[in-house]
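Peer 1: Single-letter residue listing:
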Amino acid sequence: MKKVTVQDQGVVEKTKCHAAAIGVAMKESVYPLTATVQYPRQRKKMPDNFRGYILFDPDKCINCWECAFICPANAIRMKEAPNKKYYPTIDYGKCIFCHFCIDSCTDSALRTTKIHDVAYKDMDEMVTLTEEMIEPPEIVREDTKLVEYLIDDKDLQMKKTREVDNLFVDEVPPSVEIPVVSQCIDGASCIGCHVCEYVCGSGAISSSIANGVMNMAIDTDNCTGCGLCVKECTMQILKLVRK
Amino acid sequence: MQEVINELLETMMSNQVSVPVIQPVIDMAAQMPMVGLGISFILWTPIFALLICPGLSTLGIFLLFFPWIERKLCARIQWRVGPREIVPWLGGLIQLLADTLRFLFQEVIVHKDAHRPYFLQFAFLSFAAALLPLLFINAGDVIAIASPYGVQLLLALVCLFPLFILGLGWASNSRFAFIGSVREAFMYFAYEIPFIIAVLAMVILFGTSNPILIPDKWGIILNPIAAFTFFVGAAMATSRMPFEIPEADQEVAAGPHVEYSGIAFGLIYVMCYEKAYILSTLMVVLFLGGGSGPDIPGLTVHLGDLMGIVWFLLKVIIVMTTMFVLRTIYPRYRLDQGLTIGWGAMIAISLVALAWSIVFVFMQQGGVL
Amino acid sequence: MEKEEQDRNMHILRTGVLSPVKRWSAKWSLWPCHFVTSCCGVELAHAFASGFDGERLGTLNMGISRQANFIIVEGTITRKMARALRIVWEQMPDPKFVNVIGACGQRGGIFWNSYNITRPSDIVPVDFFIPGCPVTPESLLRGVRAVQDKIALGKDETTIKFKKVALPSEVGQGSTIPTSPKRFAPTPLVKVDIPREVDWDFGSTTVNNLKSQLEGLYKSITITDKNRIAIKTAPENLMEVARKLSDNMGIDHTKSVNVVDVPHEQKFILEYMASSYSNNDLMPVIITLFTDIERKAEPEFPSITPLWDSADYSEREMHDFFGIKYEGNAGMNAKFLLAPETQTPLRKDFKLDEENYVFDDSPLNPKIDLPSSLEMPAPTDLYDEAEANDEFIILVGPHHTGSGHLRWILRIKGDIIVDVTPDPGYVHRSMEKIAENRLYIQNVPLFERANISDPFNMNLGYVHAIEKALSIEVPERAKYIRTLLAELSRIGAFFYDSGIFSLFTGHSTGFMYVWAIREMILEATVRMTGSRCSPSFIIPGGVRRDISKDVLDMTGNFTSAVNKRLKKFEDILINNPVFIARTKGVGVVTKQEAIKYGLVGPFLRASGVDYDIRKVEPYEVYDQLNWEVTTGDAGDCLGRYMGRYEEIKQSLSILKQTVDALKRMPRGDVISEEVLGEYKEASEDIKGHLYHAYGNLVLPKGEWTSVIESARGTLLYSIISDGDSNVPYRVRIVTPCWMNLRGIVEASKGERVADFWTIYGSFGYFPPEADR
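Read top to bottom, the protein sequences are chains A, B and C. 1 is the number of the first residue of the first sequence in the working numbering; add one for each residue after it. 1 is the number of the first residue of the second sequence in the working numbering; add one for each residue after it. 1 is the number of the first residue of the third sequence in the working numbering; add one for each residue after it.
Keep in mind the hints are simulated off the structure, nothing from the lab. None of the values given here were measured: they were computed from a predicted structure. Check each hint, because a few of them may be wrong.
Just a few of them, taken from the derived set where beta-carbon distance is under 8 Å, the chain A residues facing chain B [said to hold, decoys possible]:
| hint | residue |
| --- | --- |
| 1 | Ala19 |
| 2 | Ala21 |
| 3 | Ala25 |
| 4 | Ser29 |
| 5 | Leu33 |
| 6 | Thr34 |
| 7 | Ala35 |
| 8 | Gln38 |
| 9 | Gln42 |
| 10 | Glu125 |
| 11 | Val127 |
C-beta atoms are modelled at their ideal positions from N, C-alpha and C, and glycine is treated no differently.
Just chain A, same shape as in the assembly (with noise of 0.2 Å):
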């Protein structure tokens, strides 16, 4: 346990105090140790991981929604695209920027942008639709520069150079591979109710009747392990498995 007391300053202590205040005072008037980054004209560069904007590509999307589901926010809604897919769209009116939805989705259908800047003259316009997350957007830029912020052992250093910032990540990492697809654990029990196959976006669950039992088949070449069967099944019956 460490106590902390503090004695009273006599008064030569008290006018090496004042002194020392004013000569910190008189030397960064002369060589200050500036740390604005001075924005607009200057930009600060963030990191690659950083969490701006969200971009998507429909091609890689297995219509989980679970980006819908993770986003604390509510702030993706997923609307239906001329295939008769849902695609996510974002509400940067409440969207909290905390990438669950780029964490949660499977096949890094949704990545992340540099661009954190923007303002929006009316709330409508913070809706933004399928359509337009997929090309990178246009932000009116007035930076010359880009600062980085180098810290070692002795202080903070700013290196500013003279270029312009890409604000589009090129290398997205990708998740790790987990191949599972759904099975059925107890046949038995199944109801046919047909959930599983009218919620399943890729065609991977087919049913058929022999000998008046319902049979439900799970292709799993055409599965792609999203889970949607698997939670709204009535019996709760269907589970995830290695493939």
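Chain A is already provided as a structure; the job is to place chains B and C on it using the hints.
Peer 2: Quick look at chains B and C alone, frame taken from chain A:
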């Protein structure tokens, strides 16, 4: 009628500010009838002191650029940049012009609880009253009214300022303004006495209270204790840290200034800069040798009276900068601590300064010094 | 209405001969009236501090509404705060402009279905909306630039342009819309004293001891977890049991007061979680004293404040939330936290809006009713009473440069404060109610927003409660990373509080200096997690991903790089005789008072109590590192501050030790495989599998309580699960600032007016954390 004008012309011509370098231009302009009269009017020393320096124009330029100096210097000390984007290559020099114009075009709100006539009057009066003390101070050889009681008159007029602040607070009729005004009233009494005694000490030292006759000796070396007391007293009078007690932003939300908006606020905002300017000019005259300075070959001769003015203004800028940079160094005292310092330590030190002056004068008269 | 007012402001600037001059001057002299409401205020302060310096654009941050012509509305505007916003906006002179920053001010952000928020665009006319949570300082300045361009050039448009790309149109299978991922048990089993087998000998002896002492007064005594004992009594015996605990066992304070609504069993469960600061053996133990009372419209129960004064404000909170009247508690006649018209929102029959996962025609903006009146009446009865006693009442806040986001009613006689009445709740964002409607993992970002100057500790406490329930063992590397993050967070919160303390004493340089140091901490955070202030990085079982080596190097460098700037701060503020004169001997809280009023954290330690949860009930790797607890005995403002300062030096040492340990350790798992289940390959980086692992987390039934030492003191989370739903039944969060509020009130009585701000600053009170 003609005699009156001739009389006037004679008085004016006998007391002109002489600036050798522009004399040819003045002589040429003097040929033209009305322009000549106008120019000799402006260059008439009392009018020059009132309108140009150390009066209205210099005051105006100070109010326009000094807050910029303060903001940039304080920003530099605080590891940041201060105003810049308005004119990036000049470092944001005209920031105050934008602020002042914005105040001018902003709505002046007089809230319904305010005492309407006094609310607006005090704001404008305080600005005007700031000009009166400037009549008695000299910038080098230029002075408006050279009175043998100049220093005392200046002090008496400076003592009027707190009344305006009290008036502002009272007319606002708001709780925080009330507390701020009460604090100002208390602090006023605390700093006036040591301040007056310090000035008295210097008057005794110099043997005269006519600013023009005060010798060019540096009072800060002759009586440093009086200089210290004067400086701290001036800091208290202009509400500089650590004595920013009446207008404590975080405590009483700007005290007497809290209800003012638009141009009324603009005038009040600059009032503390005006006060600082006046007290700085007094400090320069008493302690820093007034308009004296080393002789720059070639320049002193050509500028004539203007040289004294240039030295004077440089010293005023240095004193004001020191006063305003205190904001970056110290937090603020509590009211009772400020009063204890004023009534206790400061009076003691100022009496010591007075005694020092008296001893100094005796030793001088006795031939020791 | 709003569009006309907005147009009127632009009209003023556009008409007249001098219009170009008017526009130029308004553009370069936008003085924001800093209307600080919650988390975004931290980033607003960063935007005006030395890291980004908003003053370059001419925006001088004056806090007085009459002198400002710009208002940056940030944070959640709650029903109480809505009135303040409207009044402040009306106080400002024309022409004026409004920017709303942060998701909370737009469609509510993460609090979109809270019962206590309003939309600023319904209250004042808004020029620009800035997204973000919290906004980065750059976006705030982008908003200022947008207003400048609107004034000068008339350019009123959004600063981002999206490009539309045609979506694939090959019509495929088509599928039905899935149902909500949340699962609520229809008849939840709610019991707070489910026994658990733990290896805790001291617990068994204590339970036997209790059973003999409380003969006949208890219904059951259960060990629910290590260091957790639950005592069930009948309602009439509760006070007696409490008295016996206090007299015989030295239980001297409550950590939390909780109420659980069980409508399907027609009862309320009333809980008091108490512990001891004087009895060393019992320090880690939390005894939950609970009883059942009948569920009525206005139930009554005797207050426990005559015995344990630390329960006072929490009882008032429960009164607001559930409608229970605690007899003997002085604050039962008016709402404490909530706006007057909100009715018992935490009862289970008060429903919040449900999520809509489909983009259809339903309205985008959640349905929010504005408060019936935007008038904020002054407490005139207080004024009359004060007049009679020759006292003066000043209302400090909620919009005051020195009030923070709440209102204080100061009663002063001359220059001495007679009484201080806090009026909290201006930032109450209903976190406990929202938590009952979200999946467990979705509450991680929710609770983090209680205090984003100290985000990792907010994550850590909640995640500990879940890990206790599920008995998850966190991998070693993750423990070190979490300790590193917790200490970084603690240091960041200290610098936040130092800056605010400097500002309150009038020293803006001190504020600028420490916030520049804070920029370094945020740089480290952004490189590790991707977000400056709201990382949501600590998840049950570990952390989201590992930290790379160069960021570890940078963090290690930080521990010595900070010294240069910290020395300057020390010279200019801490050793400054004026500062010491302001803080020494001011606001003394004695040891008995600190225990009685339930103070926590470094403020408790500065009054002489040696209690730090990192030593009392160690978690993560605190027991394996070399550090000391700092205490003091002065109990004044300077003592509290210097104690924290010393503590930060210890934190820097812990930080260095964890960085060195992490550099030595081989890279490996950072998420426990127990929680990942089928997805164990994601143990080094959760990317792609967050929902799979956490989307259907179900905690075993019972109450799970975790306490950790956050930057400002004891942070308590208590999760009650019914064993079936994947949504918590009740979450109780008690933040340190909430417990310290009483300390400010009591320390200020008898001091001078200007001391109130010194005391406020020394307690590091942060209203969003207190109001949750």
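Peer 1: Tell me the numbers of any earlier hints that the structure contravenes, in ascending order.
Peer 2: 1, 9, 10 and 11
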